[in-house]
Each structure stands twice: as C-alpha cells, then as structure tokens.
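> Just need the whole structure built from these sequences, with the hints factored in.
First to last, the protein sequences are chains A and B. In terms of my numbering, the first sequence is residues 1 to 525. In terms of my numbering, the second sequence is residues 526 to 879.
Hint data in this document are derived by calculation from the structure and do not stem from the laboratory. Incorrect hints may appear among the rest.
What the hints assert, rightly or not - With a straight-line Cα cutoff of 30 Å, these simulated DSSO-like cross-link-like pairs (lysine-lysine) come out:
| no. | chain 1 | residue 1 | chain 2 | residue 2 |
| --- | --- | --- | --- | --- |
| 1 | B | K546 | A | K411 |
| 2 | A | K411 | B | K566 |
| 3 | A | K80 | A | K60 |
Below, each chain spelled out in residue letters.
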Amino acid sequence: MIQPAQTGLAPDGGEALGIENLSKQFGGARALDGVSLHVRRGEVHGLLGSNGSGKSTLIKVLAGFHTPEPGAEIRLYGRKVPLPIPGAEVRALGLAFVHQHLGLIPSLSVTENLYIGQLATGQDWAINWADLHRRAAEVFARFDLPLVPQAPVGSLSAVQQALLAIVRAYEDLRHATQDHADRPGVLVLDEPTPFLPRAGVEQLFRLVRQCTATGASVIFVSHDVDEVREITDRATILRDGHLIDTVETATTSHDAFVERIIGTSMAAYHGAAKVLPARPPLVEVSDLAGPGVGPLDFEIAEGEILGVTGLIGSGFDNLPAMLYGGRDGVTGRIAIGGRGIRLNALTPPEAMARGVAYLPADRLGQAGVGSLSVGDNVAMPVYPRLAGALGLTDRRVAAHAGRLGAEAGVKPNVPALPLSALSGGNAQKALMAKWLQTAPRLLLLDEPTQGVDVGARQQIWEALDRTAEGGAAILIASTDYDQLAQLCHRVLIFSRGRIAAGLTGAQLTKDTIAEHCYRSMTRIA
Amino acid sequence: MTETPPSSEAYEARIAALEAKLAALEASVGDATARVEWDWKGWAERYGLILAWIAIILVLGAFKPVQMFAWNSYASMLGSNAMVVVLTLALIIPLTTGDFDLSVASVMGLSSMLIAVLNVKLGYPIGSAILIALLAGAVVGAVNAFFILYFGVFSLIVTLGTGYFVNGLILWVSNSGTIAGVSMDLVRAVILTRFLGIPVGFYYALILTGVIWYVFQFTALGRRMLFVGRGREVARLSGVNVTRVRAGALIASSVMAAFAGVLYTGMRGVADPSSALAFLLPAFAAAFLGSTAIYPGRFNAPGAFLAVFVLSTGVMGLNFLGVDSFVQNLFYGGGLVVAVAISQLIRGRKPMDG
Numbered sequence: 001m002i003q004p005a006q007t008g009l010a011p012d013g014g015e016a017l018g019i020e021n022l023s024k025q026f027g028g029a030r031a032l033d034g035v036s037l038h039v040r041r042g043e044v045h046g047l048l049g050s051n052g053s054g055k056s057t058l059i060k061v062l063a064g065f066h067t068p069e070p071g072a073e074i075r076l077y078g079r080k081v082p083l084p085i086p087g088a089e090v091r092a093l094g095l096a097f098v099h100q101h102l103g104l105i106p107s108l109s110v111t112e113n114l115y116i117g118q119l120a121t122g123q124d125w126a127i128n129w130a131d132l133h134r135r136a137a138e139v140f141a142r143f144d145l146p147l148v149p150q151a152p153v154g155s156l157s158a159v160q161q162a163l164l165a166i167v168r169a170y171e172d173l174r175h176a177t178q179d180h181a182d183r184p185g186v187l188v189l190d191e192p193t194p195f196l197p198r199a200g201v202e203q204l205f206r207l208v209r210q211c212t213a214t215g216a217s218v219i220f221v222s223h224d225v226d227e228v229r230e231i232t233d234r235a236t237i238l239r240d241g242h243l244i245d246t247v248e249t250a251t252t253s254h255d256a257f258v259e260r261i262i263g264t265s266m267a268a269y270h271g272a273a274k275v276l277p278a279r280p281p282l283v284e285v286s287d288l289a290g291p292g293v294g295p296l297d298f299e300i301a302e303g304e305i306l307g308v309t310g311l312i313g314s315g316f317d318n319l320p321a322m323l324y325g326g327r328d329g330v331t332g333r334i335a336i337g338g339r340g341i342r343l344n345a346l347t348p349p350e351a352m353a354r355g356v357a358y359l360p361a362d363r364l365g366q367a368g369v370g371s372l373s374v375g376d377n378v379a380m381p382v383y384p385r386l387a388g389a390l391g392l393t394d395r396r397v398a399a400h401a402g403r404l405g406a407e408a409g410v411k412p413n414v415p416a417l418p419l420s421a422l423s424g425g426n427a428q429k430a431l432m433a434k435w436l437q438t439a440p441r442l443l444l445l446d447e448p449t450q451g452v453d454v455g456a457r458q459q460i461w462e463a464l465d466r467t468a469e470g471g472a473a474i475l476i477a478s479t480d481y482d483q484l485a486q487l488c489h490r491v492l493i494f495s496r497g498r499i500a501a502g503l504t505g506a507q508l509t510k511d512t513i514a515e516h517c518y519r520s521m522t523r524i525a
Numbered sequence: 526m527t528e529t530p531p532s533s534e535a536y537e538a539r540i541a542a543l544e545a546k547l548a549a550l551e552a553s554v555g556d557a558t559a560r561v562e563w564d565w566k567g568w569a570e571r572y573g574l575i576l577a578w579i580a581i582i583l584v585l586g587a588f589k590p591v592q593m594f595a596w597n598s599y600a601s602m603l604g605s606n607a608m609v610v611v612l613t614l615a616l617i618i619p620l621t622t623g624d625f626d627l628s629v630a631s632v633m634g635l636s637s638m639l640i641a642v643l644n645v646k647l648g649y650p651i652g653s654a655i656l657i658a659l660l661a662g663a664v665v666g667a668v669n670a671f672f673i674l675y676f677g678v679f680s681l682i683v684t685l686g687t688g689y690f691v692n693g694l695i696l697w698v699s700n701s702g703t704i705a706g707v708s709m710d711l712v713r714a715v716i717l718t719r720f721l722g723i724p725v726g727f728y729y730a731l732i733l734t735g736v737i738w739y740v741f742q743f744t745a746l747g748r749r750m751l752f753v754g755r756g757r758e759v760a761r762l763s764g765v766n767v768t769r770v771r772a773g774a775l776i777a778s779s780v781m782a783a784f785a786g787v788l789y790t791g792m793r794g795v796a797d798p799s800s801a802l803a804f805l806l807p808a809f810a811a812a813f814l815g816s817t818a819i820y821p822g823r824f825n826a827p828g829a830f831l832a833v834f835v836l837s838t839g840v841m842g843l844n845f846l847g848v849d850s851f852v853q854n855l856f857y858g859g860g861l862v863v864a865v866a867i868s869q870l871i872r873g874r875k876p877m878d879g
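Shown next, in the form of structure tokens:
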C-alpha cells in the first residue's frame with residue numbers, strides 16, 4: 001500500500017475524501033457532469049442544491065448504489081477506492097450514511113438499534129444484554145445524550161431518533177476503522193433536519209461537532225441555507241448535475257448561496273405568466289390546521305390553478321389529502337361554492353359528493369391498483385352509472401374507459417391491460433381521466449407529473465387547463481418549480497407549515513419560486 | 526419538386542390522414558394485444574381446471590370403469606358436496622375484500638347443532654330453527670368484523686379465535702353429544718327430493734354460485750370489493766366506505782356458512798358437534814384452486830364451484846380404488862398448497878394481496 005503524503009492529524013490538515021471528475025448518465029440525462037469534491041479531515045462539508053441538482057446521485061455513488069461513468073476517481077485519505085464502490089464494504093472503507101428515513105426499527109430498543117449491524121450479522125449464541133445495554137449507556141454518556149438504552153425507539157422523539165441514528169453511524173464507523181484510527185472516516189448526513197424543531201437541530205449540530213472533534217469528517221446534505229451556514233466549514237453547490245462552486249461558509253452570505261443554488265441567468269425563459277381570472281372565490285379554506293400545517297386561510301377562485309410548494313418538511317405536500325378528508329387530526333373549515341363543512345367531519349365520500357377529487361402522488365399505492373385493469377381503475381368512481389340491463393359488464397367498462405382513454409391520449413389505449421403495464425405518464429393520464437370524468441369543482445393534485453415523460457406532461461397540463469377553463473378550481477402541490485411557473489395562476493410558498501409568500505403574474509418564474517422557497521426559511525425563523 | 530407548395534388546407538388534410546392512419550394502427554395494435562389474452566395460453570389458464578377434471582376422471586376410470594363412469598356416482602357426489610360449495614363461496618367473499626375467515630367451518634357446525642337442538646330438544650318448528658341458525662351466523666360475523674375493524678387485529682387471528690370459541694359453544698349447547706331426529710321436512714328439502722337424479726341441495730349451491738358470480742362480476746359492489754381487497758388505500762381515497770364493505774363481507778361470509786350448516790343437517794338428519802370442522806381445509810383448497818380458473822388471479826364463484834367438484838371427484842375415485850381414508854387429507858392438503866402455488870405463478874410471483 002502506498003502511504004499517502006498528507007497524513008497530518010491536525011483537524012484542518014489533509015484531505016479525507018477526494019472525488020475527481022465524477023459523472024453519471026441515466027438514459028439520455030446527465031445527472032452528474034464531471035463533478036469534483038474535496039472534504040478535509042475533521043471538516044463539516046455542506047452539499048447544497050435543489051431537486052434534480054445531482055446531490056442524491058452523488059450520495060448514491062458514494063454508497064455504492066450507482067456505478068459512475070469511467071474516468072472518475074474517488075480517494076479516501078489518499079487511497080484510491082475501487083469503482084463502483086462495493087456496497088458491502090462501504091463501512092470498512094470508512095464511509096457511513098444517515099438518510100432522511102433514519103433506518104431505525106421503532107419496535108426494538110435503543111440498544112438493539114444501536115448494535116443492529118453486529119446483532120444481525122454476528123455469530124453470537126449468547127448475547128449478554130446487560131453488557132450491551134451498559135456499552136450503549138457508555139456511548140451515550142460520551143456524547144452527553146439523554147437516551148435510555150432499554151427504551152423502545154418508537155417512544156423517542158423525532159430529535160432523539162435522529163441523534164441515535166447519527167451516533168449509530170458514527171460508532172459503526174469508529175468500529176470499522178479501529179485498526180487505522182488515523183483515518184477515522186467520513187459520515188454522510190443526507191437531509192437529517194427538515195422534520196426537526198429548531199431546538200432539536202441545535203442538539204444535532206452539537207453532536208456533529210463532537211464527531212468532527214475526533215478527526216472524522218461530515219458531509220451535510222441540506223436544502224436549508226441557514227443550517228448549512230451555521231454548521232459547515234465549507235460547502236459545495238451543485239446545479240443541474242454541474243459543480244457550481246465550493247465556498248468557505250464563513251465568508252459567504254445567504255444571498256450568495258441562494259444565487260448559486262438557483263442560478264440567475266435564465267430569467268427570461270418563461271414569459272407565459274398566466275393572468276388570474278377575476279372571478280369570485282369558489283373554494284374558501286379557513287383556520288386549516290393539522291399535523292405540521294397551519295393554521296392558515298386561503299381561497300381559490302373559479303377557474304384558478306393554485307400551486308402550493310416549499311422545501312421538504314414545509315408541510316405543503318399535506319394540503320391535498322387534508323382538503324379531501326383523507327387525513328386524521330385536521331381542523332378548520334372548507335366552503336365550496338358557499339357550502340361549508342368542518343374539515344374534521346370531512347370524509348372522502350363526503351368530499352366526492354361535494355365535487356372534490358383528489359389524485360395522490362403515489363400512483364400505484366394510493367391512486368390506482370396495478371393488478372387490476374386500466375378499465376376498472378378508470379371506471380371505478382362511476383360504476384353505478386355504467387351498469388346496463390345485464391349489470392356492469394366488462395364490455396361496458398372497457399368501452400367507457402376506452403372512450404376516456406382516447407380523449408386523454410392513453411397509449412396503448414387497451415382497457416383490459418393491467419394498470420401496472422402502462423408507463424408512468426400513461427398511467428397518470430388514465431388516472432386523471434378517472435377523476436376528470438366526475439366533473440370536479442375542486443381538483444386536488446399531488447405531484448401530478450412526477451415520473452412522467454415530457455409529452456405526457458404537456459397533455460396533462462392541457463387537460464388541467466381545460467378543466468380550469470370549465471370553471472373548476474385546481475390545487476397542485478409540487479416541488480417542480482418549472483411546472484408551477486408554467487401551469488399556475490398563483491403559487492403559495494410554504495415554510496414550517498405556514499404560507500410564507502404568494503406569487504402571481506410576473507413573479508411566476510421557476511427562479512422566483514425557487515428563490516422564495518429558499519429565502520422563506522429565514523423570513524419565518 | 527414538381528408539386529406546388531401545398532396550401533394550409535392541404536397540410537391539414539395530410540395531417541388528418543396521417544392521424545387516421547396512426548389511429549388505425551393503434552386500434553390494430555390494441556386488438557392484437559386484446560387477442561393475445563384469448564390465445565391458447567389464456568384459454569388454458571381459464572379452462573385448464575376443466576381439462577384437469579376430465580383427466581382425473583379418465584385416469585381413475587381406467588382402473589375402476591364401472592364406478593367412475595356411472596352417472597349415479599356423480600349424482601350423489603354432486604349432492605353430498607353442496608355444503609362444501611356453499612362454505613367455499615362463504616370463504617371467497619372476505620378473501621376478495623382482503624380478509625381471511627377461519628371461523629366458517631365452526632359457524633357451519635354451530636348452525637347445524639342449533640337447528641338440531643331447537644328442533645329436536647326444544648320443539649321449535651324447523652323454519653324458525655333455521656332462521657335462528659342464520660341469525661347466529663350473522664352474530665358471529667358481526668363479532669369478527671368488530672374485532673378486525675374496530676381494533677385493527679389481523680383477520681387470521683380473530684377468526685381463528687372466534688372459530689375455537691364457537692366450537693366451545695357447540696359442545697356446550699349439545700352436551701357434547703350427537704342429536705338425531707331433525708324434521709324430515711328439512712331432509713326432504715335437501716337430499717330426498719331429486720332433480721335429474723341429483724339431490725336438490727346441489728341446485729341450492731348452484732343458484733348461490735350464480736348469485737355470487739353475478740355480484741362479483743356484474744355489479745358495482747362486487748368490483749369495489751375487489752378494489753378494497755387489492756388496494757385498500759386506493760378504494761378509501763376513491764370514496765369507498767372500506768370499513769362497511771369489509772364488515773359486510775365478513776357478515777355475509779358467516780351467514781353463508783350458517784346456510785351451509787342448514788344443508789349439512791338436512792343431508793343427514795343428524796347434528797354432531799365436531800364433523801363440520803373437517804370441511805375448513807377442503808373449502809380453502811377449493812377457494813384457492815378455484816382462483817386459478819375461469820377468472821384466473823381472482824377468487825371467483827364459478828371457479829370455486831368447479832374446484833370443489835374436481836377435488837371431490839379425485840377423493841371419490843381414490844375411495845373406489847380402495848385407498849385408505851387418510852388419502853383424503855393428503856389430497857386436500859396437497860391440493861391447497863399446489864393451488865396456492867399455481868395462483869402465485871399466475872400473479873407473476875408477486876406477494877399475495879388477498
């Protein structure tokens with residue numbers, strides 16, 4: 001083995017992780033294009049970028065999920081790492097990950113979760129629980145964490161769970177690198193904070209600093225500019241798969257970060273800001289509150305397409321299901337065409353009876369059943385209408401669905417096929433047709449074009465335009481700023497469950513929406 | 526380049542022609558795709574069980590032609606399996622909505638014993654005894670539904686428990702003894718009257734099969750039940766009252782099981798506390814074997830009907846061959862596992878979703 005030149009133990013000395021010329025191609029799209037990233041020993045390094053910037057692809061390459069394109073080089077403490085990174089040996093190489101879904105098992109105890117790696121793979125026929133609990137308590141004492149080893153993880157707060165996940169990753173790393181303690185490894189925290197309260201974030205940061213104090217490095221992936229400025233030493237910003245910049249955090253302003261994340265050059269790209277129709281409000285929502293949202297009030301006019309968006313954890317994505325009566329614990333009131341109902345009394349059948357339709361984002365989990373035919377999936381809400389003298393025959397269902405499918409441009413338009421046989425875009429067109437046939441007065445959509453190809457996306461937008469022109473009110477929850485800019489009359493920006501801004505007219509550009517999403521954090525906090 | 530530049534109308538006409546061509550092409554592709562499902566593979570999948578039935582008859586007939594090719598054997602086999610058909614139909618209702626009901630055989634036994642006790646010991650007219658037995662079935666179904674839906678307990682566990690509980694009730698009301706002498710009116714109405722040589726009990730089962738088939742295949746309720754079983758969240762968000770549908774299915778299942786008990790009593794004029802329990806496994810085997818035929822991939826009434834008789838033909842033939850009675854267990858137990866394996870293959874090895 002070649003002993004690297006830079007093995008100084010000083011916290012700032014030497015490079016822990018070096019990535020050179022990393023590219024990754026998915027079909028025709030380049031998710032990463034020649035990205036280089038250098039993380040120093042003992043450093044907290046931020047990784048910033050909006051959706052689709054390539055952050056998660058980069059993390060997945062590090063975790064061994066993706067094979068990078070040839071020509072890339074990844075070094076840990078000066079030693080070249082084999083590519084693709086062997087997933088089973090990631091930890092031994094000195095990399096550990098904490099993902100947003102922390103990977104804890106709620107029904108097991110804190111100790112069991114902490115040592116799950118050893119318990120799952122070790123060949124121990126006589127587990128000494130008293131000893132394990134004692135070791136866990138020692139670990140928590142070292143980090144000054146108030147965690148009880150015997151407590152079930154499900155009873156912990158969200159903050160405590162995040163802390164446990166980070167300690168676990170750090171301990172795994174320490175365990176894996178104990179025979180070469182001069183190379184303590186790199187801990188990757190992939191958006192650990194969006195669902196945590198402010199006080200919890202501070203606790204988490206304290207833990208991160210304790211980890212780096214021992215010489216380990218941390219990559220901190222986040223949407224939140226303020227958090228990155230608070231915790232990191234340096235930060236790298238990606239946009240559209242390109243490395244934009246690596247900056248010293250201390251000397252970079254909030255605005256400078258936002259500018260690099262969004263980019264400023266494409267302002268004139270979308271001129272088609274739609275004009276808000278001057279019509280009376282059709283939908284009035286008041287005092288809406290629920291888990292992670294509210295209280296808030298807003299209105300949607302007849303024929304208006306209203307977008308709601310924000311960063312992960314801001315609560316906007318809960319809105320469609322809440323207004324449909326699909327969630328528990330929601331309070332407030334919704335009035336459609338003057339007829340009001342309390343939201344805690346609203347159920348999906350009640351909402352449907354009032355002309356509300358809801359298309360969830362989870363296409364084959366909540367919106368449609370993959371193992372049943374396209375015809376049945378489309379015809380389901382109007383079954384009683386389709387029954388003839390002989391009852392509801394497959395032929396009548398197929399004829400009806402075939403007609404709607406042709407209008408919606410579903411390809412192939414064969415109602416007998418199972419829904420799972422259609423591509424994402426065509427399945428979405430069919431499921432849109434399912435709801436549009438009910439002539440909704442309020443249409444609620446959650447990420448309507450996620451995983452949908454460009455052509456189908458256009459057709460879905462056109463169908464939504466027609467529906468709005470017909471006098472319906474439409475609410476779209478999405479993180480696709482481009483889509484919101486092109487489709488909506490008005491966009492509400494959410495931050496920590498509240499409406500932080502409302503954009504209309506000329507403000508409706510991809511960049512302005514993105515800018516408000518990132519800036520909203522400071523404004524509320 | 527001799528043509529003059531076409532006008533915009535000519536362009537539009539050409540585009541229209543191209544679009545028509547595309548539509549025709551798409552239609553033919555669609556037809557072809559639709560036709561694929563009618564080719565031999567789909568056909569074999571749907572009607573394979575009938576071929577298997579014929580094969581069983583021919584193979585066993587080669588050894589015992591006199592009995593296997595006699596109409597009388599089949600007439601009595603069809604009649605004496607009527608309650609198994611009804612029990613299987615009772616099972617497929619909650620299976621379609623995504624719940625297991627292991628208490629059906631116990632409910633069948635309870636119904637049978639209640640009729641005997643009320644009619645013979647307490648002197649109730651047979652009509653009221655039957656009515657009370659069916660009501661008792663509804664009560665068990667409601668109890669099942671309450672624990673499964675209100676407490677959110679897995680249906681397998683709840684019905685395992687209620688089934689055992691009901692077994693205790695049967696022993697209690699019967700004093701653990703067999704009760705004979707049930708009204709001959711019932712016996713006449715089930716087995717003594719024959720049509721085309723087959724006891725009328727068979728026709729009750731046939732009619733019920735038709736009813737369940739119609740409900741599953743040709744009504745909005747039946748199709749919504751399928752959505753509830755396959756995608757509970759999809760059904761809920763599409764405005765289906767999932768709880769009500771599941772509760773209804775569990776109650777219907779128990780009432781049908783109680784009706785199977787009526788047929789069982791009528792067939793023998795006797796009620797005993799334990800023999801009904803032996804029908805749970807044959808009913809499950811038939812339900813799953815039936816889900817591989819006629820409408821492959823879903824629990825369906827004609828498939829279940831067919832499967833009951835395929836399995837019982839096999840058992841009958843083996844009896845003719847003089848094989849010991851343990852072979853019945855081998856046949857039904859093996860049949861259930863094979864049937865589930867085949868239905869899994871049809872689903873393309875996706876995890877079972879009810």
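> Run every hint past the structure and note whether it holds.
Tested hints:
{"no.": "1", "hint": "B:K546 x A:K411", "result": "15 Å, holds"}
{"no.": "2", "hint": "A:K411 x B:K566", "result": "24 Å, holds"}
{"no.": "3", "hint": "A:K80 x A:K60", "result": "18 Å, holds"}
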